[in-house]
Amino acid sequence: MLECQLECQLTRMIMKDFLLEINVEELPTSYVRPALDKLKNAFIERLNRERIGHGDISAFGTAGALICYVKDMSLKQEELSQEISGPPKKIAFDENGNPTPQGIGFAKNQGVDIKDLKIKQMPKGEYVFIVKKIKSRPAKEVLRNLIPEIVKSIGFPKTMKWDDSGMRFARPIESIVVLLDKENIKIKLGNVPAKVIKGTSAGAYLKKLEKACILDQDKRKTEICNMIKSIQKKLGLDEYVDKNLLEETNFLVKSPVLMIGDFDKKYLMIPRDVLAASMSKHQRIFTLSKNNKLVNKFIAVIDGKGRNIAKMKKQYANILEARLKDSLFFYNEDIKKPLSAQTLKLKDLIFQKDLGNMFEKIQRLEELSSFISERINIDAAKREDIRKAAYLCKSDLVTQMVGEFPSLQGAMGMEYALKSGEKKSVAIAIKEHYLPKGLDDSLPETIEGAILAISDRIDNIVGLLGSGIEPKGSFDPFGVRRNTQGLIQILNHKSLRLELSSLIKKAIESYKGKLKISQEELEKKVINYTKERLEFLAPDTRPIELKQAVLKSDCNDIVGVFKRVEALSEISAEKYFLKAAKVCERTSNILKGAKSANIGAVNESLLKEDLEKEVWRAYTTNSAAIKNLIKEERYKEATKAYGEAFFETLHRFFDKVLVNAEDNALRENRLAMMQAINELYTNDVADLAMLPQIVV
Amino acid sequence: MKKLTFQEVIEKLNKFWSARGCIIVEPLDTEVGAGTFHPATFFKSLGKEKWRAAYVQPSRRPCDGRYADNPLRLQHYYQYQVIIKPTVPDIKKIYLDSLKALGIDLKAHEVRFVEDDWESPTLGASGLGWEVWLDSLEITQFTYFQQVAGIELDLVPCEITYGLERICMFIQERFNLFDLEWHNGVTYGDIHKQHEIEYSKYNFEEASIEMYSKMFEYFEKEANRLVDSGLMYPAYSFVLKASHAFNVLDARGAISQNERPRYIARVRSLAKRCAELYLNNKLTL
Numbered sequence: 040m041l042e043c044q045l046e047c048q049l050t051r052m053i054m055k056d057f058l059l060e061i062n063v064e065e066l067p068t069s070y071v072r073p074a075l076d077k078l079k080n081a082f083i084e085r086l087n088r089e090r091i092g093h094g095d096i097s098a099f100g101t102a103g104a105l106i107c108y109v110k111d112m113s114l115k116q117e118e119l120s121q122e123i124s125g126p127p128k129k130i131a132f133d134e135n136g137n138p139t140p141q142g143i144g145f146a147k148n149q150g151v152d153i154k155d156l157k158i159k160q161m162p163k164g165e166y167v168f169i170v171k172k173i174k175s176r177p178a179k180e181v182l183r184n185l186i187p188e189i190v191k192s193i194g195f196p197k198t199m200k201w202d203d204s205g206m207r208f209a210r211p212i213e214s215i216v217v218l219l220d221k222e223n224i225k226i227k228l229g230n231v232p233a234k235v236i237k238g239t240s241a242g243a244y245l246k247k248l249e250k251a252c253i254l255d256q257d258k259r260k261t262e263i264c265n266m267i268k269s270i271q272k273k274l275g276l277d278e279y280v281d282k283n284l285l286e287e288t289n290f291l292v293k294s295p296v297l298m299i300g301d302f303d304k305k306y307l308m309i310p311r312d313v314l315a316a317s318m319s320k321h322q323r324i325f326t327l328s329k330n331n332k333l334v335n336k337f338i339a340v341i342d343g344k345g346r347n348i349a350k351m352k353k354q355y356a357n358i359l360e361a362r363l364k365d366s367l368f369f370y371n372e373d374i375k376k377p378l379s380a381q382t383l384k385l386k387d388l389i390f391q392k393d394l395g396n397m398f399e400k401i402q403r404l405e406e407l408s409s410f411i412s413e414r415i416n417i418d419a420a421k422r423e424d425i426r427k428a429a430y431l432c433k434s435d436l437v438t439q440m441v442g443e444f445p446s447l448q449g450a451m452g453m454e455y456a457l458k459s460g461e462k463k464s465v466a467i468a469i470k471e472h473y474l475p476k477g478l479d480d481s482l483p484e485t486i487e488g489a490i491l492a493i494s495d496r497i498d499n500i501v502g503l504l505g506s507g508i509e510p511k512g513s514f515d516p517f518g519v520r521r522n523t524q525g526l527i528q529i530l531n532h533k534s535l536r537l538e539l540s541s542l543i544k545k546a547i548e549s550y551k552g553k554l555k556i557s558q559e560e561l562e563k564k565v566i567n568y569t570k571e572r573l574e575f576l577a578p579d580t581r582p583i584e585l586k587q588a589v590l591k592s593d594c595n596d597i598v599g600v601f602k603r604v605e606a607l608s609e610i611s612a613e614k615y616f617l618k619a620a621k622v623c624e625r626t627s628n629i630l631k632g633a634k635s636a637n638i639g640a641v642n643e644s645l646l647k648e649d650l651e652k653e654v655w656r657a658y659t660t661n662s663a664a665i666k667n668l669i670k671e672e673r674y675k676e677a678t679k680a681y682g683e684a685f686f687e688t689l690h691r692f693f694d695k696v697l698v699n700a701e702d703n704a705l706r707e708n709r710l711a712m713m714q715a716i717n718e719l720y721t722n723d724v725a726d727l728a729m730l731p732q733i734v735v
Numbered sequence: 086m087k088k089l090t091f092q093e094v095i096e097k098l099n100k101f102w103s104a105r106g107c108i109i110v111e112p113l114d115t116e117v118g119a120g121t122f123h124p125a126t127f128f129k130s131l132g133k134e135k136w137r138a139a140y141v142q143p144s145r146r147p148c149d150g151r152y153a154d155n156p157l158r159l160q161h162y163y164q165y166q167v168i169i170k171p172t173v174p175d176i177k178k179i180y181l182d183s184l185k186a187l188g189i190d191l192k193a194h195e196v197r198f199v200e201d202d203w204e205s206p207t208l209g210a211s212g213l214g215w216e217v218w219l220d221s222l223e224i225t226q227f228t229y230f231q232q233v234a235g236i237e238l239d240l241v242p243c244e245i246t247y248g249l250e251r252i253c254m255f256i257q258e259r260f261n262l263f264d265l266e267w268h269n270g271v272t273y274g275d276i277h278k279q280h281e282i283e284y285s286k287y288n289f290e291e292a293s294i295e296m297y298s299k300m301f302e303y304f305e306k307e308a309n310r311l312v313d314s315g316l317m318y319p320a321y322s323f324v325l326k327a328s329h330a331f332n333v334l335d336a337r338g339a340i341s342q343n344e345r346p347r348y349i350a351r352v353r354s355l356a357k358r359c360a361e362l363y364l365n366n367k368l369t370l
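In order, the protein sequences belong to chains A and B. To convert, take the position in the first sequence, counting from 1, and add 39; that gives this note's numbering. To convert, take the position in the second sequence, counting from 1, and add 85; that gives this note's numbering.
Hints are computed from structural coordinates only; laboratory data are not their basis. Glycine is no exception: its CB is placed at the ideal position from the N, C-alpha and C atoms. Hints should not be assumed to be uniformly reliable.
[Claimed, not checked] Some chain A residues close to chain B (C-beta under 7 Å, calculated; not the full set):
id	residue
1	64
2	65
3	67
4	195
5	214
6	341
7	346
8	348
9	358
10	361
11	535
12	538
Sequences and hints are given; from them, build the entire structure.
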């Protein structure tokens with residue numbers, strides 16, 4: 040007892056704080072946060088692996104410095120003892136208890152004395168073993184190898200080399216500091232040796248760094264955000280801070296200082312998206328608004344105190360105005376003519392090599408969107424709006440503004456449509472048809488926008504795949520996957536029950552023979568990509584295979600797929616679900632093993648055994664009701680009815696009746712029955728045979 | 086401190102970089118889009134020899150013409166190019182010193198290094214680095230080259246490209262580049278305004294598409310022929326001519342989105358052939 044206390048105290052005494060600082064030439068802002076997370080996790084993982092005790096580990100920094108701080112690090116590795124077993128006792132020792140050559144050899148190989156050999160009772164008899172202590176090394180020695188390994192493990196989207204060491208990092212490493220309490224740990228990263236810091240503990244060093252700037256990224260971000268909001272409040276403006284710009288700015292500065300500037304009011308007539316792009320994207324300054332309308336002011340976050348704010352403000356405003364002057368010029372040029380006057384120019388704009396021009400594309404979009412409108416019973420007035428939006432949706436591509444700011448496609452289309460006197464719903468559809476631009480982007484809200492967006496996506500997917508352009512691994516430059524993903528998201532978001540296969544057929548048809556790949560093959564390709572993306576987009580299930588089971592069934596109706604995944608997830612632990620799964624599994628197994636190729640319809644006159652008649656009765660009495668439940672999307676009830684209708688009967692049947700009978704006709708009839716039962720559920724709900732270990 | 090004229094900025098930079106071991110070479114006499122196209126950067130980045138040079142390079146970007154109407158854009162402007170091969174550990178500090186040498190007060194103003202991985206698709210050159218912002222005005226492109234002509238480099242050069250007009254705008258506090266003082270009261274506009282207006286009109290409206298299309302073909306053919314006969318420098322000058330012809334065609338709106346990458350790939354493959362010839366010639370020397 041006393042001994043243990045002493046030991047614990049000793050351990051506590053030899054714990055010290057540790058600090059690693061990597062000074063680097065400015066990292067790309069988007070790299071810093073992930074790098075800090077990786078740094079922290081790498082330390083946790085590797086210190087645990089190396090049996091080095093530690094307290095809290097945190098990582099913080101700026102674009103120029105990545106810091107990891109470990110509280111209470113043990114100065115030594117924890118000791119470890121390990122049992123190594125050797126030969127049986129009767130081989131290692133003779134009857135008199137003297138070691139045999141085998142016994143001596145084992146001790147020698149393990150580097151221990153004969154007297155350290157111990158005996159242990161094992162299931163097969165008594166065996167010789169030893170307890171080997173793995174020596175604990177000083178932490179600083181372990182760290183010397185560990186740190187370079189940790190730094191390498193950070194990994195960046197893009198790395199570079201800068202000297203002859205071959206070291207790769209996102210930007211050149213300038214210097215490093217490694218302190219275990221007051222001790223400098225001597226390491227090298229590439230050609231850069233750790234700096235020697237004299238007489239300063241890790242804790243004191245950190246304090247010094249913290250005095251010079253706001254080191255902690257989260258603290259800094261909150262500080263910037265609060266500063267902006269307090270100015271907005273003071274000026275009676277909307278309290279709104281652009282999230283992305285805030286995150287970026289947070290890694291452009293270390294000691295944030297705010298500066299409010301203004302620009303000429305006349306530029307406020309430029310569309311909001313254009314202004315916002317010039318300000319936040321090109322100059323990294325925050326737009327300001329009142330009652331949701333931009334005002335002619337901005338906030339810039341600059342680094343460090345003691346700057347010449349008056350002059351900087353003027354500089355920022357001048358540069359902004361020079362840019363806005365360009366934009367205003369483009370805008371005034373563009374609105375001289377109605378948007379529809381641009382449309383014919385799309386004939387000179389290539390869509391894709393082999394796929395014709397953009398004018399042909401909008402013609403297809405008109406065709407496709409009216410096809411969809413018809414299928415989902417859109418009323419006549421809206422159909423006309425959708426057609427109009429389809430005709431105009433690409434016209435902004437040939438305007439000067441979009442030529443200069445390609446990212447404004449759609450937004451400018453909407454703006455110019457409104458200026459040209461088009462209906463609001465038409466204008467919104469033009470903007471929305473580009474949504475979603477990425478996985479987390481917003482989706483079209485209006486039905487007009489959704490239908491046009493679906494048309495554009497299916498046209499892209501079919502066109503690209505049809506001309507032989509396919510993603511290679513993670514490389515998908517033309518966005519086949521992104522388009523497919525968007526298509527699925529929109530259909531699900533707007534709950535549009537649209538038969539995918541007919542949409543694909545229509546899209547292929549509207550290309551009028553321009554595609555290289557045969558219709559049949561192309562349809563299959565599109566379906567495959569859809570399934571792949573569905574697997575990615577649908578929520579995870581337990582078990583995970585349930586999602587795949589749903590996807591194995593009909594995927595023609597995207598909304599239905601999501602509904603099935605959701606419904607089945609909720610009941611996957613129920614007894615009746617497992618029964619249904621067992622029915623799928625047993626019928627599927629027997630069908631997989633079947634030698635007969637031609638399984639047709641069930642012939643009732645061939646039913647011989649009572650048990651098989653019973654199974655068939657179960658089918659004929661229940662199948663209509665089950666089909667109906669499935670049709671009504673009452674998947675829980677359908678699954679319950681299916682499991683209960685067949686589980687017990689089938690169990691008795693398999694026990695007594697041989698499906699693979701010698702007689703061909705008999706066998707095929709039984710297989711036909713199995714197939715009917717199997718497909719009753721698996722065709723339209725899920726192939727539950729894919730689930731692992733179904734135990735009822 | 087007296088505000089430097091355009092001419093004095095160049096003198097100061099020459100002096101500054103000359104003192105740091107750079108050869109001050111003269112501009113290339115062919116139309117180019119940037120200082121990187123000069124053989125003193127393009128060829129000298131290749132291979133294992135050390136190299137330091139600095140020079141002014143008049144650069145042409147036909148698409149950027151604005152008929153002298155825009156205070157920030159020109160189709161013909163001046164770059165000051167520095168190439169340090171291999172780069173040195175304190176190169177960023179040296180660069181900041183060069184700004185100080187121009188009289189820029191780095192305490193009163195903020196210099197920001199904003200990620201920008203530079204790439205010249207026509208030269209097959211790429212690197213990692215930044216745009217350097219001085220109070221949100223981009224004044225320099227700072228790049229650690231990793232590849233030139235698609236070839237991974239043995240020694241990593243640092244390329245520093247100053248936008249001379251931008252820096253002068255800051256120093257002289259004039260926000261229209263035509264108002265910049267070149268020297269002795271003569272303005273940038275006096276020298277270049279008419280040139281800008283005429284060339285904007287030429288590039289956007291007058292340049293003969295037919296002629297430039299044909300010239301592109303001729304230049305490409307000639308460049309290939311010259312590489313075959315081992316004449317690297319003449320071959321390279323035709324690569325540059327082809328590149329400029331492409332830029333003019335682009336400004337004329339004669340190149341569709343889809344043809345663009347094809348044209349660029351054609352110039353790049355010519356540049357690559359020249360680079361390979363350069364490396365081969367060195368081996369046989």
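Status of the hints after comparison with the structure:
no., hint, result
1, 64, "6 Å, holds"
2, 65, "4 Å, holds"
3, 67, "4 Å, holds"
4, 195, "10 Å, violated"
5, 214, "9 Å, violated"
6, 341, "5 Å, holds"
7, 346, "6 Å, holds"
8, 348, "9 Å, violated"
9, 358, "5 Å, holds"
10, 361, "4 Å, holds"
11, 535, "32 Å, violated"
12, 538, "33 Å, violated"
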